[in-house]
Structures are given as structure tokens and as C-alpha cells.
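Novice: Each chain, letter by letter, is given below.
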Amino acid sequence: MDFIDFTILAIKIMVVMGALLNAVPILVWVERRGSAFIQDRLGPNRVGPMGLLQPVADVIKFIFKEDPIPCHVHRFLFPIAPLFSLIPASIIFAAIPFGDTLEIWGRTITLQIADIHIGILYVLAVGSLGIYGVLIAGWSSNNKYSILGALRSSSQMISYEIALGASLIGPLLVYGTFSLNEIVHLQAQSWGIFLQPLAFLIFFVSGFAESNRLPFDLPEGEAELVAGFHTEYGSMKFALFFMAEYIHIVTIAALNTTLFWGGWQLIPGMVSLANVLGISTYPHSVGLALLKVAAFTLKTTFFTLIFIWVRWTLPRFRYDQLMMLGWKILIPAAFINIGATAVLLYIGWL
Amino acid sequence: MPYKKTMPSENVLAVILMGVFAALLGILLLGVSAFLGRVKRNPEKLSVYECGVDPTGSARERFSLKFYLIAIFFLVFDIEIIFLYPWALIFRKNLERGGLILFEMMCFLAILVVGYLYIWKKGGLDWK
Numbered sequence: 001m002d003f004i005d006f007t008i009l010a011i012k013i014m015v016v017m018g019a020l021l022n023a024v025p026i027l028v029w030v031e032r033r034g035s036a037f038i039q040d041r042l043g044p045n046r047v048g049p050m051g052l053l054q055p056v057a058d059v060i061k062f063i064f065k066e067d068p069i070p071c072h073v074h075r076f077l078f079p080i081a082p083l084f085s086l087i088p089a090s091i092i093f094a095a096i097p098f099g100d101t102l103e104i105w106g107r108t109i110t111l112q113i114a115d116i117h118i119g120i121l122y123v124l125a126v127g128s129l130g131i132y133g134v135l136i137a138g139w140s141s142n143n144k145y146s147i148l149g150a151l152r153s154s155s156q157m158i159s160y161e162i163a164l165g166a167s168l169i170g171p172l173l174v175y176g177t178f179s180l181n182e183i184v185h186l187q188a189q190s191w192g193i194f195l196q197p198l199a200f201l202i203f204f205v206s207g208f209a210e211s212n213r214l215p216f217d218l219p220e221g222e223a224e225l226v227a228g229f230h231t232e233y234g235s236m237k238f239a240l241f242f243m244a245e246y247i248h249i250v251t252i253a254a255l256n257t258t259l260f261w262g263g264w265q266l267i268p269g270m271v272s273l274a275n276v277l278g279i280s281t282y283p284h285s286v287g288l289a290l291l292k293v294a295a296f297t298l299k300t301t302f303f304t305l306i307f308i309w310v311r312w313t314l315p316r317f318r319y320d321q322l323m324m325l326g327w328k329i330l331i332p333a334a335f336i337n338i339g340a341t342a343v344l345l346y347i348g349w350l
Numbered sequence: 001m002p003y004k005k006t007m008p009s010e011n012v013l014a015v016i017l018m019g020v021f022a023a024l025l026g027i028l029l030l031g032v033s034a035f036l037g038r039v040k041r042n043p044e045k046l047s048v049y050e051c052g053v054d055p056t057g058s059a060r061e062r063f064s065l066k067f068y069l070i071a072i073f074f075l076v077f078d079i080e081i082i083f084l085y086p087w088a089l090i091f092r093k094n095l096e097r098g099g100l101i102l103f104e105m106m107c108f109l110a111i112l113v114v115g116y117l118y119i120w121k122k123g124g125l126d127w128k
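Note that the protein sequences, when read in sequence, are chains A and B.
First residue of the first sequence: 1, per the working numbering; consecutive thereafter.
First residue of the second sequence: 1, per the working numbering; consecutive thereafter.
Bear in mind the hints are in silico, worked out from the structure with no lab data behind them.
Hints should not be assumed to be uniformly reliable.
Reference listing, derived: stretches of chain B covered by chain A, where coverage requires no fewer than 3 residues with Cβ under 8 Å from a Cβ of chain A [claimed, not checked]:
#	region
1	15-29
2	89-95
3	100-107
With a cut-off of at most 20 Å between alpha-carbon atoms, the simulated EDC-like pairs for lysine to aspartate or glutamate come out as follows [unchecked claim]:
#	chain 1	residue 1	chain 2	residue 2
4	A	Lys-328	B	Asp-126
5	B	Lys-66	A	Asp-320
6	A	Lys-61	A	Glu-31
7	B	Lys-66	B	Asp-126
8	B	Lys-121	A	Asp-320
9	A	Lys-328	B	Glu-80
10	B	Lys-122	A	Asp-320
11	B	Lys-93	A	Glu-182
12	B	Lys-128	A	Asp-320
13	A	Lys-65	B	Glu-44
Beta carbons are placed, not taken as given, at the ideal position from N, Cα and C, and that holds for glycine.
Chain B on its own, in the form it takes in the complex (with noise of 0.2 Å):
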């Protein structure tokens, strides 16, 4: 296979270039933006946006407690995705050595999914 590695060192120089180029980029776009556009400042425009009538309380209000509960539900399933990852990379190489890289991690998804039905039955899942 014609193919060839680079260092890691080139690959990070390379991301940084490119994120430092889209950064000068959209500060430039800013820049010009704050410099060329028109300034004439009234209390009205300045005030916070709420289609045009007098604002009402605070925008720092509480709010559903289901976004946490989607928070946490994400840093579980997140976390379980990301221990399938090593697993699948050196799966294929490993077939041969018989079946056990597969009943190991068929156990690892078993539970998951005890644990994902659980939350399901709890009403985790349900937004109402």
C-alpha cells in the first residue's frame, strides 16, 4: 500500500496552523465588522431582546431538571462508547486466537443494555 506516516509532531503543527488561520480569520471578519459598521447607540437597541416588549425577570431562571438528567444519562453511555472503541480497533486482528475478545465484550454490552432498559423503564428516557 503506498502509504506514508507522517510524524505526529507535523499532524499537530498542521492542526494548529489551520485553527490559528480560521481564528485570525474570524477576528479579522470582526474587526472589519467593528470598524466599518455603523455606530448610533440608543437605550431601546441596547436592551435585552424579547420581541419588542419592556423585559420581564431575570433570563438566569430555573429550568428543566431534565437537561441534567440527559447531562449525566450522556457522561454514562459517553464513557461506555468510549471503552468499545479499543475493543473494536484490535478486534479483526484478534479473531483467530478464538472467541473470546468477543464473549468478553458481548458481557460488557449485556450489562449496558441491563443498565439502558433500566433507565427506559424508570421513565428516564420519556420527555414530558
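Chain A extracted, bound-state conformation (with noise of 0.2 Å):
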């Protein structure tokens, strides 16, 4: 690994660092505008044109508010805590090809921050890390909310965690390998939703627990537990708490993008597009490679607005019904999914 190659490695992972950054604030104005007129409601619109600068107002208020840490708290484990929610949210994103290789000055770039072979393995390793952050902070605040709210998160999150896991091996059976990128690769002709619709339904709905997205937002009811596990948090410590869930939903629509629905393979209509504006001359083009990191872009931002729409649909479910959807109809639904698709595969139907 010569300098220039490490110069493309933190090229690549300043562009990827700075887009989740940036779809942080843009999906904060997203859903509270997109709330208020999926609620017939005006929304935030003083701040800027259509409120647009909204975000920018929030951020500069979370810096200058003042950020007690209470008498009662852990003294070292309450302020890191916000840091743990954070980093494994952001370093999933490593694994996930956002484009095709690309050639340019005769240099051959994977548009993929760290190709690892056992991608989906890391995948969940890292995802499931997140609980940490959770545990920690509602543990180290010694609040009853906290800990209630803790205790809640992280038994969500590993129960739907099984499901998650469960459904990942329907397209393993199918792809036979870890590697995103390859994954991606497989998908060219067509795409994993058409041969593994159950595993995405489960792994959809599981991502929604994960994230702890409403309606799997019992760890924050806050009828009941004030805000759950960050109850005693204010100021940038509540900010890194909220830009983890929101790179956290980036991160997975990222995921259903790569493992179902193509990931970076170009949408149908792009190829025409493509044809159109001349760059499909050559694979690994410079513009052939931007229009795959668009139809990239294009896909998770559609799954990223799922999130958002359905959080303003749907209700919250109450804990029994959390537990029984979890353990007792995506579970099942997984096992059923990996036995159908073993057998298909032997009688050669897949």
C-alpha cells in the first residue's frame, strides 16, 4: 500500500463520513417537514427558505446549550457513552460498496471503503455493538427511565437481533458468499428481492427494531419513560445520541439496498440513460461509475424515506406485542425461510 493508494482510502472515507453526516441534517428537516404535512400541519418554515436552514439553527443551539453532567451519574462511563452509540454506527458503512470499480490515471478504485470478505459477518458484529451505547448510557445515568428504558432497548435489540441473523442466511444459501461486494456483483441480472422476498420482508421489519425506529420505539416511549435510556442526556451528548439513529437508518436502508434490492446496479431506465449520454462505452468508466454510486444513492434514500413515512403511520406497539411479533412470527418466519430455500436450491428451482 503505497501513499497514494492511502490517500484514496481517506479520500473514500471522508466522501462516505461526510455524506452520512450530511444526510443527518437533511433527514432531521425531512421528517419533521415530511411529519407535518403527512399531519396536515405547517412544520418548522421560519428558518431559512421552507425551513430549510432549520437543522443549522438545532445544531448551533445543541452547541450552546449547557451540559450538566448530574451529581448522581457514573463519572466516566455517562459522557463516552454518546461515543459508543456513535462509532459502531458509522463503521458498519466501511463494508457497504457504494459503486462499481472505477478506472482512472490507470488506477483501478474499488468504490468501497474496505472490501472484507466476511462482510455480512461484520455487518452484524459491528450493528450489534450499538446496544452497547444504549446499556451503557442508561446504566451510567442512574435514573429509573434510564435504566428501564435500557433494559427494554437492549432486550429488543437482541431479541430482533436472531431474527436479523436468521434471515440473512435465505441469501447467503442463494449468493454463497460474505462478500458485500460480490453480493452486488451476483445481483446483476436480477435482483435478491425476486429470489429471497420472505428474508427481506423479515430483514425490513427486524431493521426497524435495530434502529429502534417507531413502531419499535419502546426504549423512548415517552408516555412512558421520558425519553428511555438518554433521559438525563442534553446538549451535544442528546446530538451524538440522535445523529447515531439517524446514520443507524442510513446504514440499514443501505444494507436492504446492497443484499436485496441490486445495491449500486443501475436502475432499470439507467441503462437507456446511460446509452443516452454516451458513458457506457467502457465498464469502468468515470461517468458509468458516478451513475451507479447515484442509483446507490437513489435506492437508499428511497428505503431511508420509508423510515420516516412509516414512523408517522404507524402506531407504537406495546411490549408483549414487540416480544410476540420478535420471537413468535419472525423467528418462525426465518426458519421457514431458510429450509424453503435450502430445499429449492437442492431440487434446483433457485
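Two chains, two frames, a set of hints: combine them into the complex.
Specialist: Printed below as a string of C-alpha cells:
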């Protein structure tokens, strides 16, 4: 690995982190304005045109807010708990390919930060590290609401993690590889959703539970637990939890795209667009690579918007309903999917 | 397939770099906020938040045993599912050698399902 390779890596990390961090204020705006339109209100529309500068105002307020560390909390763990949430949420994206290989100035650049051979395992492992942030925050706050929120949250996350892990075995049987980049390559002809619709459904629902979003946001059910595990947090510490949640949503949307919707494979219709623009002359041209990145971004944006849409459409589950859905519906469904996929592969229908 | 394999060390470096980037960003934001934020302490603000009422009792209360049960089920099932991963990886490449690989894992799954049904029957999955 020479200096130029290292520079390329650094640029890729900068671009991806920049995109993730820029997604947060945009999503906050979309969430607030979108929820307002769904509920027939106007939403925040005073700061800037159409309220577009509202997230900037929010950030300024987050920075200048007082950030007290209460007397009763754990001195060391309380301030660093937000980092335990933010770091895993950010580094999952390292394994996700956001574009095809690109050839420029005689160099081949893979548009993926780390082409990990065990990509799926990495994603699952790092994804479950997010529990520590929640658990440490809840425990170190030394507050009844926080600790109850953290307990509920971790219990919910580990329950749905089984369904999540089991749902990925179906695609794994079909693709026969752990590497996310190879999985995207294998979806050139037909996207994974057509081979594994049930797995997609389970993965999609579990994704909501993993990111603690409505209808699975019991950890912070405000009617009963105030704000759940981050009750005692304020100012920038709260903002970091907030950022971690949104980055998590984007990451799960990107994983949905990668595993089931063809990743950076062009959306139907984009092929003719590439032909019209004259950039499809050879497979690794810059124009085609950018078009593939655009395809990936579009798909990911679509799933991210579904996350927001669902939040303002569905009511929250009761805790027993949540546990029932996870343990009695999703897990058996995932087992059925594994068995059915294996048998269908054996008799040669898949 | 135009597909360049990268060395594992590069991947490790990339992941570490990304983690460091995220960590530095978080620390920077916390630092900026701690430095620029208004500081005006008072004992009410620093007490436990319990909806404005004086806090009663300790937060280290006993909690429902169900959470513990869920954690144990998680351990069992998660490990069982991890066992399925290597099988799923080599399944397709080994299909031409006959159905043994399918049969073996079906036995494993059957045992798993029996255990699962037992937990269900005993009411371990009910949340009352």
C-alpha cells in the first residue's frame, strides 16, 4: 500500500463520512417537515426558505446549550456513552459497496472503503455493538427511566437480532458468499428481492427494531419512560445519540439496498440514460461509475424515506406485542425461509 | 468478473481509520459544546430527573426476570444461527455431491425447532 492508495482510502472515508453526516440534518428536516405534511400541519418553516436552515439552527442550539453532568451519574461512562453509539453506527458503512470499480489515471479504485471478505458477519457484529451505547448510557445515568429504557432496548435489540441474523441465511444460501461486493456483482441479472422476498420482509422489519424506530421505539416511549435511555442527556451528548440513530437508519437502508435491491446495479431505465449520455462505452468509466453511485444513493434514499414515512403512519407496539412479533412470528418465518430456500436450491428451482 | 481482492490488512486499516474519524468527530463535538456551552449550576438541575418530583428510592431496583430469560434465549439461538452460517456459505458449491449436506442441516434445524417449540409451550416466550 503506497501513499497514493492511502490518500485514495482517506478520500473515500472523508466522502462517506461526509455523506453520512450531511444526511443527518437533511433527514431531520425531512422528518420534521414530512411529518408535518403527513399530519396536515406546516412544520418548522421560519428559518431559511421552507425551513431548510432549521437543522443549522438546531446544531447551534445543541452546541450552546448547557451540558451539565448530574451528580448521581457514573463520572467516566456517562460522557463517553454517546461515542459508543456513534462509532459502531458509522463504521458499519465501511463494508458496504457504494459503487462499482472505477478506472482513473491507470488506477483501479473500488468504491467501497473496506472490501471485507466476511462482509455480512462484519455488518452483523458491528451492528450489534450499538447495544453497548444504549446499555452504558442507561446504566451510567443512574435514573429509573434510563435503566428501564436501556433494559427494554437491549432486550428488544437482541430479540430482533436473531430474526435479523436468521433472515440473512436465505440470501447467503443463494449467493454463497459473505462479501457484500460479490453479492452486488451476483445481482447483475436479477435483484435479490425476486429470489428472497420473505428474507427481505424479515430483514426490513427487524431493521426497524434494531434502529429503535417507531413502531419499535419502546425504549423511549415518551408516555411511560420520558426519553428512555437518554433521559439524563442534553446538549451535544444527546445530539450524538440523535446522529447515531439517523446514521443507523441510513446504514440499514443501504444494507437493504445492497442485499436485496441490487446495490449499485443500475435501476431499469438508467441503462438507456447511460447510452444516451454516451458513458457506457467501457464498464469502468468515470461517468458510469458515478451513475452507479447515483443508483445506490437513490435506492438508499428511498428506503430511508420509508423509515420516516412508517414512523408517522404506524402507532407504537405494546411490549408484549413487540416480543410476540419478534419471537413468535419473525423467527419461525426466518426458519421456514432457511428450510424452503435450501430445499428449493436442492431441487434446482432457485 | 472485474473484481480486485484487497489484502486483509488494508481492510483492517480502513475500518480503524473510519472508527478513529468517527471517534475524533464525536470528541470534537463534545469538546466544542463543553467549551462554548453556558454553565450555570444549581442543585435542582443536577439531581435525578423524575418529572420534577423529588426522586424516591434508588435506580438500582430489581427488574423483571423476563429480561434475563430473553438474554439466555438470545445466547442459545444466536449461537445456533452462527452455526448455520458456514453451512449456508458452502451449501451451493457442495450440492452436486448429493443431498447429504441438506439432510445434515435439516437434522440440526429440527433439533433447534424442537427446543424452540418446547420454550414456546412452556410459556418462555409469553410476556405477561
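Novice: Next step is simple, just say for each hint if it's right about the structure.
Specialist: Status of the hints after comparison with the structure:
{"no.": "1", "hint": "15-29", "in the structure": "holds (count 11)"}
{"no.": "2", "hint": "89-95", "in the structure": "holds (count 6)"}
{"no.": "3", "hint": "100-107", "in the structure": "holds (count 3)"}
{"no.": "4", "hint": "Lys-328(A) to Asp-126(B)", "in the structure": "9 Å, holds"}
{"no.": "5", "hint": "Lys-66(B) to Asp-320(A)", "in the structure": "11 Å, holds"}
{"no.": "6", "hint": "Lys-61(A) to Glu-31(A)", "in the structure": "18 Å, holds"}
{"no.": "7", "hint": "Lys-66(B) to Asp-126(B)", "in the structure": "9 Å, holds"}
{"no.": "8", "hint": "Lys-121(B) to Asp-320(A)", "in the structure": "17 Å, holds"}
{"no.": "9", "hint": "Lys-328(A) to Glu-80(B)", "in the structure": "17 Å, holds"}
{"no.": "10", "hint": "Lys-122(B) to Asp-320(A)", "in the structure": "16 Å, holds"}
{"no.": "11", "hint": "Lys-93(B) to Glu-182(A)", "in the structure": "15 Å, holds"}
{"no.": "12", "hint": "Lys-128(B) to Asp-320(A)", "in the structure": "7 Å, holds"}
{"no.": "13", "hint": "Lys-65(A) to Glu-44(B)", "in the structure": "17 Å, holds"}
Of the numbered hints given earlier, the model fails none.
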